[in-house]
Amino acid sequence: MRCHEIELRLGLYVDGELSASDQAVANAHLAACGACAELVRHERGFRRLLRRQPGEPAPDVLRTRLASRARRHGWRRAVLPWIAGSAVAIAALVVALLMTRQPNPLLAALVDTHIAFVQVARPAEIASQDPARLATWFFERSGLRVDVADFSSAGIELIGGRLIDTRQRRAAYVLYGKGHTLLSVFVVPLATEEFRAGRMVRYRGADYSMEERKGYRTVTWVEDGSVFSVVSGVDYEALLECADRLRRERERRLTLRA
Amino acid sequence: MPGAREFEQEALVHLDSLYRGALRLTHNRADAEDLVQETCVKALKAFHRYNPGTNCRAWLFTIMRNAFLNRIRNDKREVLEDEAALTGLAHAGTEPAGIDSPEEEFFQTILHGDVDRALKGLPLVYREAVMLADLEGFTYREIAEILGCPAGTVMSRLSRGRQLLRHALRRFAREHGYTRGDE
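Heads up: the sequence lines are chains P and G, in that order.
If you read the first sequence in my numbering, its first letter stands for residue 0, the second for the next number, and so on.
If you read the second sequence in my numbering, its first letter stands for residue 697, the second for the next number, and so on.
There's no promise every hint is true.
What the hints assert, rightly or not - Computed footprint of chain P on chain G, listed as stretches where at least three residues anywhere in the stretch have a Cβ under 8 Å from a Cβ of chain P:
hint : segment
1    : 708 to 718
2    : 726 to 738
3    : 756 to 768
4    : 832 to 843
5    : 851 to 857
6    : 862 to 873
Since the hints were made in silico from the structure, they are not lab data.
In this text the structure is predicted, and so the values were computed from the model without any measurement.
In this text, a Cβ means the ideal position worked out from N, Cα and C, and glycines have one as well.
Isolated chain P, as found in the complex (with noise of 0.2 Å):
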């Protein structure tokens, strides 16, 4: 097989829907080919990028209503021996749904003090694009130890930090703009037993919760009995890859401590 036919067989190839003996021919250029070796690499890259995409869930309404539908169209169809099973299934189902829906005081509360900074021109207490300066503004303030993450690298830059009490506790606001998105990272020391987590997600190795609230999307996660949480009107990958480099981040300066 010669590059060019690799190159159209590309897709095929990753795939996985080559014929075993075309894979085995592809397979044996590619050991031997740098350069096709790096478009599948690349190929894969592309692949990876599109599944990571995280998609929101159906809402819990139409669930339930979809469920009763089910129950209901049974009913007419007298099917007698699954009634009972069924409308204890749906019983546990609504259960569940009530269970997971309920209230995150701590998180409202974030996604409200987020909703309230949105609009400000001037949103910070202290201005600054320096991770350094903001790390020691919030010690020197408050003796929170904070870690400030640099995602200018992404276009997302540091505006500055605030101080806020959110129920009851003395928490770090780091704000990042992005044009007109204003992205809130809020760091609310030992939160852990207020924090109730949603949706679970792995992300390059770590766990996270994303939530939805008023039309925002949370990522939250809590570390050293912390609540770490970011959030934003932007997807759900950016906020991903923003809490990922936080941690990394922390990571960096807990063994530069250390």
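Given chain P, put chain G in place with the hints provided.
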């Protein structure tokens, strides 16, 4: 006779996947919800014909796609483009090589709903192929079944769809000022 419980276990477990797909077809939550509801009601009515243990998700997507096509035929909001009408697109914008940042770096700059925005800009025939293969993980055979076309057509639509998608993503990256080419 499959009943409500079977329907929940076999079909409703795919609700998130269906809704995601519906959102990418209709571009808005209200229409997506409607479409999923219509799909599930149709599936429920036809559930006695469904063969348990076979691929329920692909079966649901087939129903959903047909329902969607009926809808857009009715309200003419989106026209299912004929492949021939798209030949012009086939020549649109091939990427100049070697100007932009390396692919790896480029992927890391894709943020802020770019993929969905790019997908949204694709003609339906490509959008549905890419969505089914790359976002929902269906095989070519399953996609051929859902779209009611030969596997060869799936391949060519996928390949073209991905190419257009990449092109759009690079354009966004440039607009955001991400890529090295602009520095």
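### Message
Between the segment 851 to 857 of chain G and chain P, are there enough contacts, at least three residues with CB-CB distance under 8 Å, for the coverage claim to hold?
### Response
holds (count 3)
### Message
Cut-off 8 Å, C-beta pairs, minimum 3 residues; does the coverage of the segment 832 to 843 of chain G by chain P stand?
### Response
Check passed, 3 qualifying residues.
### Query
Residue count check for the segment 756 to 768 of chain G against chain P: does it reach three with CB-CB under 8 Å?
violated (count 0)
### Task
Check, residue by residue, whether the segment 862 to 873 of chain G contains three or more positions whose beta-carbon lies closer than 8 Å to a beta-carbon of chain P, and give the verdict.
holds (count 3)
### Message
Is the coverage entry for the segment 708 to 718 of chain G by chain P consistent with the three-residue Cβ rule at 8 Å?
### Response
holds (count 6)
### Query
Do at least three Cβ atoms from the segment 726 to 738 of chain G come closer than 8 Å to Cβ atoms of chain P?
Contact hint for the segment 726 to 738 of chain G vs chain P: holds, 5 residues under 8 Å.
This entry does not satisfy hint 3, going by the numbered hints stated previously; all others are met.
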